[in-house]
Amino acid sequence: MASKPLVSIVSAGLSQFGRLEGMYCRELFAEATKEAYNRCPNLDPMKDIEALFVGHMGESYEHQGHTGPTLATWAGLLPKPAVRLESACASSGAALRAGIFAILSGMHKIVMVGGVEKMTHRTTAEVTEYLAMASDMPFEQWNGITFPGLYALMATAHMHKYGTTEEQMAQVAVKNHHNGTLNLKAHMQKDVTLEKAMASKVVAWPLKLYDCSLITDGASCIILTHPDVAKKFTDRPVHIIGTGQASDAIGLYEREELTTLKAAKLAGKEAYRMAGLKPEDVDVAEVHDCFTIAEILAYEDLGFCEPGKGGKLVEDEVTTLNGKLPVNPSGGLKSKGHPVGATGTAQAYEIYLQLTGQAENRQVDGVEIGLTHNVGGSGATACVHIYRRT
Amino acid sequence: MPLHVSTFTGEHRKMSEETPFTISSFYKFVSEKRLMAAKCNECGAEFLPPKPMCTKCFSTNLKWIEVDGKGKLLTYTIIYIAPEQFQDMTPYIIGIVEFNNGLRLPGIIRGVKPEVIKIGMNLKIDFEESVSSEWHAWSRYFFRPV
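Chains as they are written, first to last, in my numbering: chain X, 6 to 395; chain Z, 1033 to 1178.
Simulated from the structure, these hints should not be mistaken for lab results. Just so we're clear, the structure is a prediction, and the values are computed from it rather than from any experiment. Glycine included, every Cβ here is placed at the ideal spot set by N, Cα and C. Please note that a few of the clues may not be correct.
As the list claims (entries may be wrong) - Subject to a maximum C-alpha distance of 30 Å in a straight line, what follows is the list of computed BS3-like cross-link-like pairs (lysine-lysine):
1) 314/X x 166/X
2) 317/X x 1088/Z
3) 267/X x 1104/Z
4) 267/X x 1088/Z
Said to hold, decoys possible - Some but not every residue of chain Z turned toward chain X, in silico, with C-beta under 10 Å:
5) 1107
6) 1112
7) 1116
8) 1138
9) 1151
Using the sequences and the accompanying hints, generate a full structural model.
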């Protein structure tokens, strides 16, 4: 039996994901918060929400730092304390943990956590440069190693050690693109065939264009409460019952292994321990598929299969929407998009919808336990959260 | 020595006139065509890149060791979409090389065609003649077949 809730989610919001011209981060965040407020009419945001924790990776995109109060101003949350957390692509996974800590400490009863990134107004070269800042500068960036390059180094090692194939990686793209066609907020609501994915332009061999997630604008938010007060705001809160986070060397070359993300394994282990659950108890998961190989690593690191069997898991269609363990029903970073700061709480948003039966035409039936897996950079940060339906 | 004095850099280095155990020093050695790592005199742990404090036993009693630049290729990728300052080199091969003492570095591999590159192949470090004027003006190292 799963252990007691740490905190409860009483509402959640997501902006449209995509190329959203003329919008600033703060406006995208306002769109996400408006949905969260609409979903929770019993909540008076200005009176009830006591603090804001937001994930945001790069001030370079908008030449705008000091993201906490910027977003609080547009979300109608002044004068509540508002702070930004930066952990690369795991920024809002870290913000979610900060919100959990704030409630568990007894300091706050109700907080908002979220994240945002506005990326598409920059050139691909600029975005590549900003994203690369999350990798090791003096040895990786200095030697011309890109972000796809780092995951490609892991993919090559995985192929060599376990026989994982480029087709299996492409199958992750096919699956997630299909799920994205069922999500009206996804950036790219378009199916892709295995042939098309395999024939796409090489970015960093063995990774091709369709192995890479999208450059996307978007925002997400979650309203967390102490479990004792959740029922005041909704009949069906979702409880967070496990949280884990771990760090690894910033440079891939300093890690013990190249075919696994140790930080993700440790974060998962901690979250499972706290929740009193095992990998086989998970009914639906949103994992960090910034590259297709990353989803395969996630299966293995989270214990959904044995090390080296991740490629087979997707090939056997275990993780499709109708499979035994649907992974990335939202379309994932691959087709929903990856506005990096928004991703962690966008994953939590999808699990909230799934566990409250609000995921519409991509709803997975009979789900009770959900999991999110949010990775920063090439794996130097990982946050895992486990959720339970009420 | 008073506790508030930096033991890592500058005039007040602890008990020795050794080169500080920094990344800048590493690249200064690269400009002299030497691959140098840090070794902890207390616990024997070796570090590449060097670190000013042993992260195994927290000692700052360190020394420089010269690393044999021969090693094996652990993994590789071929970069087609590159950052601006590397775009005229595409496609180029990046690998992580494990040297004979177990330390590793990532870098560009030259002198090998993409068709024949293989995990496990023997490579050695080599050094560029010129110091880059970009970014931190560091010298560059790269890998090539033995």
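Status of the hints after comparison with the structure:
{"no.": "1", "hint": "314/X x 166/X", "verdict": "11 Å, holds"}
{"no.": "2", "hint": "317/X x 1088/Z", "verdict": "38 Å, violated"}
{"no.": "3", "hint": "267/X x 1104/Z", "verdict": "23 Å, holds"}
{"no.": "4", "hint": "267/X x 1088/Z", "verdict": "18 Å, holds"}
{"no.": "5", "hint": "1107", "verdict": "4 Å, holds"}
{"no.": "6", "hint": "1112", "verdict": "5 Å, holds"}
{"no.": "7", "hint": "1116", "verdict": "5 Å, holds"}
{"no.": "8", "hint": "1138", "verdict": "5 Å, holds"}
{"no.": "9", "hint": "1151", "verdict": "5 Å, holds"}
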